Amino acid sequence: MDREQEVIHRQMEETRSDLANKLSALEHSVSGTVQTATNAVETTKDAVSDTVNAVTDTVESVKGDMKLNKARRSGKCRGKTKDERI
Numbered sequence: 002m003d004r005e006q007e008v009i010h011r012q013m014e015e016t017r018s019d020l021a022n023k024l025s026a027l028e029h030s031v032s033g034t035v036q037t038a039t040n041a042v043e044t045t046k047d048a049v050s051d052t053v054n055a056v057t058d059t060v061e062s063v064k065g066d067m068k069l070n071k072a073r074r075s076g077k078c079r080g081k082t083k084d085e086r087i
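First residue of the sequence shown? That's 2 in the working numbering, and the numbers climb one at a time after it.
Careful: at least some of the hints might be erroneous.
Unchecked claim - What follows is a list of derived Cβ distance ranges for each label pair:
| id | residue 1 | residue 2 | range |
| --- | --- | --- | --- |
| 1 | Glu61 | Gln36 | 29 to 39 angstroms |
| 2 | Glu14 | Thr52 | 49 to 59 angstroms |
| 3 | Glu28 | Ala48 | 47 to 57 angstroms |
Simulated from the structure, these hints should not be mistaken for lab results.
It should be emphasised that the depicted structure is a prediction, and the values quoted were computed from it without experimental measurement.
Ideal Cβ placement from N, Cα and C applies to all residues, glycine included.
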């Protein structure tokens, strides 16, 4: 009976060791995946922020141009365009 128990204990220890190795490998894999996803989210956030800023600048520029054109049509601004005044 002792021999049989030794075999069982050895097999249990091998199983524990194999499971620990597999769990460690899975942990490293998940950690790498999370880091990759985090980097992707940061990159996307930065790109969206840059786009929002560019669109905001464009909208403000167009609004300014529209005010200038309206002033020209109403006669409040005569002559030179914005570029010519500079």
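Quick rundown of the hints versus the structure:
With their beta carbons about 38 angstroms apart, Glu61 and Gln36 fall inside the hinted range of 29 to 39 angstroms. The hint said 49 to 59 angstroms for the Cβ distance between Glu14 and Thr52, and at roughly 57 angstroms that hint holds. Look at Glu28 against Ala48: about 31 angstroms separates their beta carbons, and that is not inside 47 to 57 angstroms.
Comparing the model with each numbered hint stated earlier shows that hint 3 is the single one that does not hold.
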